[in-house]
Amino acid sequence: MTTDPYPTDPTAGPAAGPAADEAAGALLTAALGTLVRDEPPMRFTVEDAERRGRLLQRRRRRTRVGLGAGVLVAASGAAFLSAGAPGWPGAQRQPGTALGPTASPSQSAGTAIGDFGGTSLPVGFPLNEAFVAVESALPDGVRLGDLPADVAWEPGGPGYVAAVRVPLARGSAVSQRGGATLRLGPRCVLDGADAVLDDVQARAVADAVCAVWTTWGRPDPLAVPPAPSTPPDPAS
Amino acid sequence: MTPSFREFATARRAALRRTAYLMCGDWHLADDVVQDALARLYADWPRLAARGPVEAYARKVVVNGVLAHRRRPWRREVVAPALPDVPDPRSGDGAPAGADDGTRDVLLRALAGLGASQRAVVVLRYWDDLPVDEVARVLGCSTGNVKSQAARGLAHLRDALGARPDQEVTP
Numbered sequence: 001m002t003t004d005p006y007p008t009d010p011t012a013g014p015a016a017g018p019a020a021d022e023a024a025g026a027l028l029t030a031a032l033g034t035l036v037r038d039e040p041p042m043r044f045t046v047e048d049a050e051r052r053g054r055l056l057q058r059r060r061r062r063t064r065v066g067l068g069a070g071v072l073v074a075a076s077g078a079a080f081l082s083a084g085a086p087g088w089p090g091a092q093r094q095p096g097t098a099l100g101p102t103a104s105p106s107q108s109a110g111t112a113i114g115d116f117g118g119t120s121l122p123v124g125f126p127l128n129e130a131f132v133a134v135e136s137a138l139p140d141g142v143r144l145g146d147l148p149a150d151v152a153w154e155p156g157g158p159g160y161v162a163a164v165r166v167p168l169a170r171g172s173a174v175s176q177r178g179g180a181t182l183r184l185g186p187r188c189v190l191d192g193a194d195a196v197l198d199d200v201q202a203r204a205v206a207d208a209v210c211a212v213w214t215t216w217g218r219p220d221p222l223a224v225p226p227a228p229s230t231p232p233d234p235a236s
Numbered sequence: 001m002t003p004s005f006r007e008f009a010t011a012r013r014a015a016l017r018r019t020a021y022l023m024c025g026d027w028h029l030a031d032d033v034v035q036d037a038l039a040r041l042y043a044d045w046p047r048l049a050a051r052g053p054v055e056a057y058a059r060k061v062v063v064n065g066v067l068a069h070r071r072r073p074w075r076r077e078v079v080a081p082a083l084p085d086v087p088d089p090r091s092g093d094g095a096p097a098g099a100d101d102g103t104r105d106v107l108l109r110a111l112a113g114l115g116a117s118q119r120a121v122v123v124l125r126y127w128d129d130l131p132v133d134e135v136a137r138v139l140g141c142s143t144g145n146v147k148s149q150a151a152r153g154l155a156h157l158r159d160a161l162g163a164r165p166d167q168e169v170t171p
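Sequence order for the protein chains is E and S. Counting in my numbering, the first sequence runs from 1 upward without gaps. Counting in my numbering, the second sequence runs from 1 upward without gaps.
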């Protein structure tokens, strides 16, 4: 049988031990009391503690926001790298090589890959990039018309990667329905803009879009990334 | 009913400060530690108050604050070539009112001779009068450890005060 060397229960230890400890403890309590008898006035108030508590709350909130932003940036970076940055060899795709279903009409700004906590990264060539390039290259007096709700990249036809309809307007007059068609390919072209642009202006617009497309690595706008569950192809 | 932070802080800050002082022997540091602990309590008050009585948590934050402060490198005690001046208990110089018999200094020195965690055990056990298991919970150690530390601390203080016949701790 083992004996607790430091019993607290009077029935558990030697008869004199607990009683002696209790008395010594009581004396020690009284002795400690002498140390705090001449207590100086407190240097802080409850309001001071509350103020510091509020500062602490604010600092914690800022830290949480900073950490959240860091996680978001890290997730975006990881997704960006896994998708293949524009200009990387992995991001180059052969024109006309479809990797999956084509973009749905409801996709107005290219396709998106994954959803990493609410952030979607574009893949391919976003429509808004093309329209910004078109708008910046238009001559004075010509502007982009209202974009239809179902605007989207479409197959570009023989020799071209993709095409999109570009409504153009001169002054207050809007071009006929459909407007011009911008085609991406070895050499970009803007067809059907005769009513509002001459050949040189149309050429300039097409080249402007082509230049932006090239900075993106000339990806296939119709390309859709494989589903996340798709295993990688060992052959590639 | 759970008190508001203000009610709790007003009622308990003096007691927490005394506990901190007995652990560190410095009223200024005790003030800092308790204010820091109360600020943390304020920041987490809704969550803490919903969980139940806050007293034990507050005491734990204070104790950890003192122990953490003593662990900081710039706080470590260094060996001095000469002993610091010690007030002569018979002269009354430097001795606060009500402690002119020197008991206070002897006790302070005896407490200072204990290790930080042993001092925490002694203060929580004999000053705050906490049961062994509660002290173990506050310090995050076993009840056996608390009992042994308390017994050794008590023996050390008994020896220190035993040198003074008028303050014999042993019954």
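No lab work stands behind these hints: they were computed from the structure. Please note that a few of the clues may not be correct.
With the C-beta cut set under 8 Å, the calculated list includes, among others, these residues of chain E facing chain S [claimed, not checked]:
#1 Leu-28
#2 Glu-50
#3 Gly-53
#4 Asp-207
#5 Cys-210
#6 Ala-211
#7 Val-212
#8 Thr-214
#9 Arg-218
Because the structure is a prediction, the values reported are computed rather than measured. Using N, Cα and C, we set each Cβ at its ideal position, and we do this for glycine too.
Evaluation of the provided hints:
1. Hint on E:Leu-28 holds. Least Cβ distance to chain S is approximately 5 Å, under the 8 Å limit.
2. The criterion of a C-beta within 8 Å of any C-beta in chain S is met by E:Glu-50, whose closest approach is roughly 5 Å, and the hint holds.
3. At a threshold of 8 Å, the smallest CB-CB gap from E:Gly-53 to chain S is about 3 Å, leaving the interface hint in force.
4. Of the supplied interface hints, the one on E:Asp-207 is violated, with its beta-carbon coming no nearer than about 60 Å to a beta-carbon of chain S, more than 8 Å.
5. Interface hint at E:Cys-210: violated, since its Cβ lies 57 Å from the closest Cβ of chain S, which is beyond the 8 Å cut-off.
6. Using the Cβ-Cβ criterion of 8 Å, the hint placing E:Ala-211 at the interface with chain S is not satisfied: the shortest such distance is roughly 54 Å.
7. Nearest Cβ of chain S to the Cβ of E:Val-212: about 50 Å, over the 8 Å cut. The hint is violated.
8. With 8 Å as the threshold, the beta carbon of E:Thr-214 stays out of range of chain S, its nearest partner Cβ sitting at about 54 Å, so the hint is violated.
9. Look at E:Arg-218: its Cβ only gets to about 54 Å from chain S, farther than 8 Å, so that hint breaks.
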